[in-house]
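**Student:** These protein sequence lines are chains A and B, in that order. Here the first sequence is numbered in the numbering used here, starting from 1 and rising by one per residue. Here the second sequence is numbered in the numbering used here, starting from 1001 and rising by one per residue.
Hints were generated in silico from the structure; no laboratory data involved. Possibly wrong hints are sitting among the right ones.
[To be verified] In silico DSSO-like links for lysine-lysine, alpha-carbon gap of 30 Å or less:
#, chain 1, residue 1, chain 2, residue 2
1, A, LYS357, B, LYS1249
2, B, LYS1390, A, LYS99
3, A, LYS99, B, LYS1009
Note that this is a predicted model, so its numbers are computed, not measured.
Protein chains: 2
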Amino acid sequence: MALNKKPYKGTRDFFPADKRVQDYIFNKMRSSAEAFAFEGYEGPMLEEVALYKAKSGEELINEQIYSFEDRGNRFVAIRPEMTPTVARMVAQVHREIPKPIKWYSIPNLMRYEKPQRGRLREHWQFNCDIFGEVGRSSEIEILQLITHLFNSFGANSEHFEILINDREIVNIVFNDLMKIDEETSYKLYKIVDKAKKVKPEGLEKMISELNLSSEAEAIFKKYLSLQNFEELFSFLEEKGYGEKSNGFKELFQITSEIGLKDYLVYDPTIVRGLDYYTGIVFEVFDKNPENRRALCGGGAYANLLQIFNENPVPGVGFGLGDVTLTDFLITHKLMPDLSKNEVDLYLTFQSDRAVAKNFELANKVREMGFKSLNSLETIKFKKVFSNADKFGARFVSILGDKELDEGFFQVKNLATKESFDIKFSELDKLRELLNA
Amino acid sequence: MALNKKPYKGTRDFFPADKRVQDYIFNKMRSSAEAFAFEGYEGPMLEEVALYKAKSGEELINEQIYSFEDRGNRFVAIRPEMTPTVARMVAQVHREIPKPIKWYSIPNLMRYEKPQRGRLREHWQFNCDIFGEVGRSSEIEILQLITHLFNSFGANSEHFEILINDREIVNIVFNDLMKIDEETSYKLYKIVDKAKKVKPEGLEKMISELNLSSEAEAIFKKYLSLQNFEELFSFLEEKGYGEKSNGFKELFQITSEIGLKDYLVYDPTIVRGLDYYTGIVFEVFDKNPENRRALCGGGAYANLLQIFNENPVPGVGFGLGDVTLTDFLITHKLMPDLSKNEVDLYLTFQSDRAVAKNFELANKVREMGFKSLNSLETIKFKKVFSNADKFGARFVSILGDKELDEGFFQVKNLATKESFDIKFSELDKLRELLNA
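Required output: the full structure, derived from the provided sequences and hints.
**Tutor:** Rendered as structure tokens:
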């Protein structure tokens, strides 16, 4: 029986045109991170399951990770996310290296998902984190970096927005204003997470099942109705918690001053579940109403290193997956046409006697910094140009017996149709042609 | 109990300095492949085990792969090599796309190895393949590419050599000259593979256990003693098989003409085991006598697509692992110093009032194409320069209350110690400074 030619469920084959798209995206990610002086890192594809157990909820461990026992009876998993790995790595070195620590990575990750649009089992994720105590500034820089990255793809505030909240404020609302216990708070987080995904009746039902006091319920509903930063700040002011929200107010002011105002939208329903966040939490959303989905999520945390018995190192970071980002760029027509390879010179020859010379010329052209495609076999003259087009060549060269004997080759510019005879001893002329 | 901070056995954490080394190596690989007009591809981290079973020996399946059953009862494995994946991908598209198909990839792979110098459980491997019928030329181009890559690292014929053989010639020796049966041939391949790793007595013993005819044994020993192309060709000429070795002779002649003569060494013990090769087989070796190891291996094959019931598509390719290559570059002092990050401008401020301005300036500098590091918090003047050094900055800027009020900032060149006042309205002057 013939083998299946398709990739494993929920994973992708990246043929060259797909790989050029991936490279385009990854290069923008790297350039943005490096423009902000983030340094790249990488970790293992496998980690011990204990690491994920310590950091994440049981749901992830039980249902979503690819875990198994290795041949040495270690219980291991393919990395479903990068945060535990980066925390483990920072735990090793944070005492010795200068802070803030600004690191990025673009690992391949696997989760046991039911494949659907925007969600696959294997994806790549751009991860950026700033570790070390620098107050609100590191949160602002993370937001600035995300905006920089999206701008570098040609996306602006017509295309995306950053929905943002602050876990400190959520805590003020739940603990100080509503005065609810921890168990109810836990349930409220889950409800808030779902608030925009369910119908009003469904939300109403979930709230009523909590049996909150009427005051607490009113506060909660008022909270959920907040539409923007101004409403949030006056709500807190009214309740006597104006001063406690000064940090978030400062973030709002500075981001406005540095040109992020059009991107940032206060959203009370962004809490990022029961995750480890303690400061800001945010999600980047596609503004296309038919494609409303989170492209990126992140936030600030007080101490990811706790599980390693290390002193607290606060941080802020985000993860941005390649699948939803690719959809986003295509939907908004922001993806350049990368369907064809780009080659500077396609070197062909018409006689078997010319094979060695063609190899030699191809390499000389490479040494000048150009991409050269050697035809490797003799190509009939009438096929030369259709081949050149298929392979994405800008120029083509032709080398026959006559040329070989007289020491030159013909070079044609495929755009202008101009043709030039270039002597083997005068390749600098070729350089000028190819550079034009 | 605190969690283990170390990576899983046989895998590596790449801290920024390590990641810069990895990026340096990967960028050279990409540049070389693209200079030869190879196109990038990527495949899934997981494949079904059936794919590896069909392609590889049982040893790999039973002892070396990370395999497990997924939650849908599919028997899957983390990719231990890229060849089965690329064969699967080529099988999907080879009918529609122009040939030759020239593809490269740098996947992360896992094998269940006993970790040791040069051998880890997780590594990255540069894979290049040319698919499609182009005779000896594709073999020659693969050898040219490998040489180009090593040259681009600064390595030359003092540092490495390419040991090469041809499976067609091995077949002539075993089948036509020695006239042995398939089972003995199978054993001979294993012996040849080990010939240079065992002592002469050990080799002698293995050969005698085969009970070859004395003629066959003499031919085999003569074969193993061949030192170079010339000896090989006269040996075959003598035995009446001169013409049958014309293809390999042609490869030797053309590679000599195009400057590869100093790199290529004929070696009868290179056969690449029982693998699927049918044409040339080769291994790149470190010439340092204390570090003799294969850096790269590959060869030509008649039909990788057989397992998919596809028509034959011949090809030639190689795999080059990052672990041994890194050792090679370090041993030969060919690795540049990448211990520090490189930052164009470290932007610091002395007053909380300047925080927004510093964010704004940092971004403007990024828009000019420079890497800028925002200090994020106020930095005491005396710490500015030691920080700048730690973070690898070329220039540093200082912004205090006075500067803020008067609309400029100070920029210092850390190499020349020169200092400049740059007005916020004249950032083009900063561009000139940073470009210098």
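**Student:** With reference to the structure, classify each hint as holding or not holding.
**Tutor:** Hint by hint, here is what the structure shows:
1. At roughly 18 Å between alpha-carbon atoms, LYS357/A and LYS1249/B fall within 30 Å of each other, so this suggested pair holds.
2. A distance of roughly 10 Å separates the Cα atoms of LYS1390/B and LYS99/A; the hinted pair therefore holds under the 30 Å criterion.
3. For the given pair, LYS99/A sits about 29 Å from LYS1009/B by alpha-carbon distance, which is consistent with the 30 Å threshold.
Hint violations for this structure: none, all hints satisfied.
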